[in-house]
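There are 2 protein chains.
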Amino acid sequence: MERHNNLWRNAVALPAVSRVAVCGGTHGNELAGVYLVRERLKRRGADGTEPVSVVTVMSNPRATQLCVRYVETDLNRCFTQAMLSTPVSEASPYEMIRSQELNALLGPKGSGQAVDLLCDLHNTTANMGLCLITYSDRDWICLHICKHLQREMASTPVRYVHFDIPLNEAYSLDSVGKHGFAMEIGPQPHGVVRSAIFSAMQEGVQLMLDWICQFNSGTLFEGGWVDVYTTVKNIDYPRDPETHEITAAVHPDLQDRDFCLLHPGDPMFLSFSGETLRYKGKEALYPFFINEGAYYEKGIALSLARKKRVEIPSVHSETLR
Amino acid sequence: MERHNNLWRNAVALPAVSRVAVCGGTHGNELAGVYLVRERLKRRGADGTEPVSVVTVMSNPRATQLCVRYVETDLNRCFTQAMLSTPVSEASPYEMIRSQELNALLGPKGSGQAVDLLCDLHNTTANMGLCLITYSDRDWICLHICKHLQREMASTPVRYVHFDIPLNEAYSLDSVGKHGFAMEIGPQPHGVVRSAIFSAMQEGVQLMLDWICQFNSGTLFEGGWVDVYTTVKNIDYPRDPETHEITAAVHPDLQDRDFCLLHPGDPMFLSFSGETLRYKGKEALYPFFINEGAYYEKGIALSLARKKRVEIPSVHSETLR
Numbered sequence: 001m002e003r004h005n006n007l008w009r010n011a012v013a014l015p016a017v018s019r020v021a022v023c024g025g026t027h028g029n030e031l032a033g034v035y036l037v038r039e040r041l042k043r044r045g046a047d048g049t050e051p052v053s054v055v056t057v058m059s060n061p062r063a064t065q066l067c068v069r070y071v072e073t074d075l076n077r078c079f080t081q082a083m084l085s086t087p088v089s090e091a092s093p094y095e096m097i098r099s100q101e102l103n104a105l106l107g108p109k110g111s112g113q114a115v116d117l118l119c120d121l122h123n124t125t126a127n128m129g130l131c132l133i134t135y136s137d138r139d140w141i142c143l144h145i146c147k148h149l150q151r152e153m154a155s156t157p158v159r160y161v162h163f164d165i166p167l168n169e170a171y172s173l174d175s176v177g178k179h180g181f182a183m184e185i186g187p188q189p190h191g192v193v194r195s196a197i198f199s200a201m202q203e204g205v206q207l208m209l210d211w212i213c214q215f216n217s218g219t220l221f222e223g224g225w226v227d228v229y230t231t232v233k234n235i236d237y238p239r240d241p242e243t244h245e246i247t248a249a250v251h252p253d254l255q256d257r258d259f260c261l262l263h264p265g266d267p268m269f270l271s272f273s274g275e276t277l278r279y280k281g282k283e284a285l286y287p288f289f290i291n292e293g294a295y296y297e298k299g300i301a302l303s304l305a306r307k308k309r310v311e312i313p314s315v316h317s318e319t320l321r
Numbered sequence: 001m002e003r004h005n006n007l008w009r010n011a012v013a014l015p016a017v018s019r020v021a022v023c024g025g026t027h028g029n030e031l032a033g034v035y036l037v038r039e040r041l042k043r044r045g046a047d048g049t050e051p052v053s054v055v056t057v058m059s060n061p062r063a064t065q066l067c068v069r070y071v072e073t074d075l076n077r078c079f080t081q082a083m084l085s086t087p088v089s090e091a092s093p094y095e096m097i098r099s100q101e102l103n104a105l106l107g108p109k110g111s112g113q114a115v116d117l118l119c120d121l122h123n124t125t126a127n128m129g130l131c132l133i134t135y136s137d138r139d140w141i142c143l144h145i146c147k148h149l150q151r152e153m154a155s156t157p158v159r160y161v162h163f164d165i166p167l168n169e170a171y172s173l174d175s176v177g178k179h180g181f182a183m184e185i186g187p188q189p190h191g192v193v194r195s196a197i198f199s200a201m202q203e204g205v206q207l208m209l210d211w212i213c214q215f216n217s218g219t220l221f222e223g224g225w226v227d228v229y230t231t232v233k234n235i236d237y238p239r240d241p242e243t244h245e246i247t248a249a250v251h252p253d254l255q256d257r258d259f260c261l262l263h264p265g266d267p268m269f270l271s272f273s274g275e276t277l278r279y280k281g282k283e284a285l286y287p288f289f290i291n292e293g294a295y296y297e298k299g300i301a302l303s304l305a306r307k308k309r310v311e312i313p314s315v316h317s318e319t320l321r
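Protein chains in written order, with UniProt numbering: chain A, 1 to 321; chain B, 1 to 321.
Only chain A is shown next, with the shape it has when bound in the complex:
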């Protein structure tokens, strides 16, 4: 009982998470999110029993229709404050226009009117399991949701990835919410939906909503520790200096080993002519987004992160008690 009282005394009171957005199809060929959003939109009305207000959004309907990542430019790079405040016309790229529509619907970013939490559904060809990708390593709501998923998801590894970028430079849709993350799940080829990946995403979204409902109802969530992977840098493929074509693939020893520590000297690439190229960094780091299909054009063969343990406080909703 004393421990219980202490928990409450030391807990952080946070505003309720009243308005949630679940978005998919931000990249039109990441199909688990596309079909999950379609399912939710179908059930709308039929199942209005969720005790939290959830808006479900198909972010890029044109790209989804064509089953491509984007039509003119990558929508999920259009949400910086600068881009959101650039005047657009009919001649602007479709995704520039669409990002401002989404910002009007779910934001405005940085304002009190923004949704409380924005969960944007993504898939990757990399063997990343389920990752919550955020811009903050001390967002207690996101970190508690991550802890909840880690506790509840038996067969899917769940990790918390932190992009260390100032919020006004944050470029992705999830940055429009007061809290937000990309829920990134793989491996799944783009343009393909794999049942197990779809189910994991469905489970992740449901567990997130369950947590929010419990939080809003006054449940105290005990603090603890969460491993946070903070991005340090990206590494490009070896390329031909003239044609800029890649000359090597990710090494078989590294492929699919996302979040397994990469040491200096470990094999990183195997060139098409058979030469092994090694990791030349001085610090062992955690690779992820290894051989993500959509990042060839961005010059990213993998990202590297440093891992730290973050202590999170017990939290409860400030609207109750």
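Just so you know, the hints here were simulated from the structure itself, not pulled from any lab data. Possibly wrong hints are sitting among the right ones.
Since the list can't tell identical chains apart, any single copy or any two copies may satisfy a pair.
What the hints assert, rightly or not - Straight-line C-alpha distance at most 16 Å; calculated EDC-like pairs for lysine to aspartate or glutamate:
{"id": "1", "residue 1": "42", "residue 2": "240"}
{"id": "2", "residue 1": "42", "residue 2": "242"}
{"id": "3", "residue 1": "42", "residue 2": "245"}
{"id": "4", "residue 1": "298", "residue 2": "90"}
{"id": "5", "residue 1": "147", "residue 2": "210"}
{"id": "6", "residue 1": "307", "residue 2": "72"}
{"id": "7", "residue 1": "307", "residue 2": "227"}
{"id": "8", "residue 1": "282", "residue 2": "164"}
{"id": "9", "residue 1": "178", "residue 2": "116"}
{"id": "10", "residue 1": "147", "residue 2": "72"}
{"id": "11", "residue 1": "298", "residue 2": "256"}
Go by the hints and put chain B onto chain A.
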């Protein structure tokens, strides 16, 4: 010695395989073939030691440049006799024009001028290992090459798939050669190159060329049996009758189990609302191309094949002995 003489006496003498074409990038986002062809084109001249004449072709350079399957229409459906003899103009789809260019370069299909063997490199998102896909179940050259790959490739399952279609209706690039097959390797996401898949393809091509060189030099290849998978039918995804959108994914119990016998009543799809749909056929058949990314638009969730054992004779080149 008597066995040896008997082997020669019963062997079939076949014309030498003097001119070989190795094609890749027929689908521009199937990257193992694209990079294999680029590598071969780079080494051209530097390594003119192959004792057989090999022409290496990037089949669809525009699609390859954009990393898409095709620009206007699927090139690998443009090689029927009817399409090859359709007059084209500048207004024709790029791939219609390109198919006739390739037919002029490597064919004409059905003529004595056609290359002796055309190997067209493909990748699939399905877990198919290496397949030689052909239009004949009694092409001794293709079957012997398959047997050679099965014998020599330690870590890759090698199978022979037969599309039971008359040759003039055969629609794919490999049908332009006197002998020909698609060398299809997976699983690999489209738009991604995985090192192990690239290496398997490289090994498959090298073993094919080795076999041809030995064959042309007068080696007798002993006959035997090869399993042939003949396509019976394709099965589409369950779809919404109005929107035509898919309403289910391949069942987790079937996903990745290409060439594992599917029995009547076995789970086939898991709907997005959680319902299991079962295989309703009366005959146990072998599924392949399970959940191939490029076939959503073609209405194919998987293909089903019947397996038979085909006896192939001993063969040698008729130019020697």
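To see whether the hints hold, each was checked on the structure:
| no. | hint | result |
| --- | --- | --- |
| 1 | 42 <-> 240 | between (48 Å within a copy, 12 Å between copies) |
| 2 | 42 <-> 242 | between (50 Å within a copy, 13 Å between copies) |
| 3 | 42 <-> 245 | between (43 Å within a copy, 12 Å between copies) |
| 4 | 298 <-> 90 | neither (27 Å within a copy, 34 Å between copies) |
| 5 | 147 <-> 210 | within (13 Å within a copy, 56 Å between copies) |
| 6 | 307 <-> 72 | neither (35 Å within a copy, 46 Å between copies) |
| 7 | 307 <-> 227 | within (7 Å within a copy, 51 Å between copies) |
| 8 | 282 <-> 164 | neither (21 Å within a copy, 57 Å between copies) |
| 9 | 178 <-> 116 | within (5 Å within a copy, 65 Å between copies) |
| 10 | 147 <-> 72 | neither (37 Å within a copy, 47 Å between copies) |
| 11 | 298 <-> 256 | neither (20 Å within a copy, 30 Å between copies) |
In terms of the numbered hints stated before, the structure departs from hints 4, 6, 8, 10 and 11, listed from lowest to highest.
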